[in-house]
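Student: Take a look at the letters that make up each chain.
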Amino acid sequence: MSRTTMSLVVISLYFFTSCTSTNTGMLVETAKEENLCSLEKIVLIDPEVVLVDNRKQEKVFFATDRIERVLREESQASADRLNIDLVTYDKETLANTEVNFYNELQHLRYQILRSNLTQEVKSARQEESTTFWGSLQQPHTREFAKDPSISPAFGYLAEQYGTPYFAVQGVYSEYIPIQWKRRITTLVFFPPFGIAQFLTPNTNTFYYFIIADVRSGKVIHREIRLANNRASRQNLKLMIYDSFNVALKNH
Amino acid sequence: MLKLRLLFCVLLVGTLSDAAAQVSGYLGKRLVVKTDLVDYWSFEGGYNVQAEYLFARRHSLQCEFQTKEIGYDNYLNRSIQGIRYDTDDPAQVNSWEGVIALRHYLSRALPAPKGLYAYQQFAFGEADISGNYVFDNFENFDYKVADADYWSVELGWGYQTFLLGRIAIDVGFGFNYSELDAGEFNLVLEDIRYRHGSNLIQLEERLQFFGLSAHLGVGCLLF
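Sequence lines, in order, name chains D and R.
Residue numbering for the first sequence follows my numbering, starting at 1 and increasing by one per position.
Residue numbering for the second sequence follows my numbering, starting at 252 and increasing by one per position.
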């Protein structure tokens, strides 16, 4: 076999192995360019964690205190590393006197989440991401064709909290049943894919991070990612840092 | 010289990440320096230094330099030009290798350089070989080959993780195809050439140079 032939075979195999990516993914959507501005201070409202065991017929929900604490700590640490002034309002750590949280922030949080469920938002691919080098340097990023909107009634919060940017963040992690037949068949017929499957934990972890500008009443940044990994501190801190970094660079 | 220029160009391109790049690395750190423990176990001497730099969100470039010192037994089981059998002394091979590897991390959600990856690598180097054979008439034949060209390509998979946020652990295995070209001594060195490539198992002795190799890298996340 000549060197050229061998090189071609190896290169083909390399691109073939690229397909061994499991069903992990990440999608970032941002506001139109004219609505972007620098994220110096963000108010994070009540980060939420849900841990579910889907392996049995009846879903089992686990206690989330520890992971929620990890989420808070790692969000703060990542913000500090990236010089973002992050202020977190969390119902677990609030004093009883913080009535604004229940009167205002909880409603705003609900509005931001609801805006993503009820509004049809078509997004267009950003021109910058279509170049080869751009696609290597950036995650899959799209621009909202029409920015999702929230109630304009929250505009006054910008002055009260010293920033117009309010964010919601959360983690949903589920144990899923192992498909033994599929794994063994893949291992027998396509060993590299099979080994990759055996090394992948039977856990799906979704992470989301949404930022809204209360002054304009628009959602300006939205990100969701799915990893085939546990919601451990190690994994969460990497996802949070990356998430903040992407948001910062996009605005 | 051409190979060194190529290596320099690849390194230069790797460091030219644009300022707005969204490459987070491991909490902002993108350079890992490692050494391969399997090579120390496989070979009698030498050292191994690796540097991995993350130049894109899911791609990194690893440059490696290693030297090997190893003795190979010559089992020539047929008579070639009057050479009948080997001596008890193994052939001594001292070599150096430069390796360029491109890594493709498989997870889109967890930022590289942590996680499962596929890699493709190209190695080049030179080897000095010395040994002896015994002729049919029991006369010793000493030979010495200087700067025999060596190259290999390898394809594999691995997993890299970090302990305490600094210590890198990198395990992987791959399939490689290699060639050691000693010119006019190729026939004499037939039993040595195929074994020079991988550090684990060699497949299809004599005719092909396919092999399996493994690595266990331990190192440090620098910046």
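Source of the hints: derived by calculation from the structure; they are not laboratory data.
Hints may contain errors.
Residues from chain R that face chain D, not an exhaustive set, calculated with beta carbons under 7 Å [claimed, not checked]:
| no. | residue |
| --- | --- |
| 1 | Ala307 |
| 2 | Pro341 |
| 3 | Gln343 |
| 4 | Asn345 |
Label pairs and their in silico Cβ distance ranges [what the hints assert, rightly or not]:
| no. | chain 1 | residue 1 | chain 2 | residue 2 | range |
| --- | --- | --- | --- | --- | --- |
| 5 | R | Leu415 | D | Lys146 | 23 to 29 Å |
| 6 | R | Ala302 | D | Gly25 | 26 to 32 Å |
| 7 | R | Gly434 | D | Leu136 | 17 to 23 Å |
| 8 | R | Ala397 | D | Ile184 | 49 to 55 Å |
Virtual Cβ for every residue (Gly too), placed ideally from N, Cα, C.
Student: Hint by hint, say whether it matches the structure.
Tutor: Now the hints, each set against the structure:
1. Ala307: At about 4 Å, which falls below the 7 Å cut-off, the nearest Cβ of chain D leaves the hint on Ala307/R intact, so it holds.
2. Pro341: Check failed: Cβ of Pro341/R comes no nearer than 29 Å to chain D, outside 7 Å.
3. Gln343: At 28 Å from the nearest chain D Cβ, Gln343/R fails the 7 Å test, so the hint is violated.
4. Asn345: It is violated, given that the least Cβ distance between Asn345/R and chain D is near 25 Å, above 7 Å.
5. Leu415/R x Lys146/D: 23 to 29 Å: 46 Å, violated
6. Ala302/R x Gly25/D: 26 to 32 Å: With a Cβ separation near 30 Å, Ala302/R and Gly25/D satisfy 26 to 32 Å, so the hint holds.
7. Gly434/R x Leu136/D: 17 to 23 Å: 41 Å, violated
8. Ala397/R x Ile184/D: 49 to 55 Å: With Cβ atoms ~52 Å apart, the hint holds.
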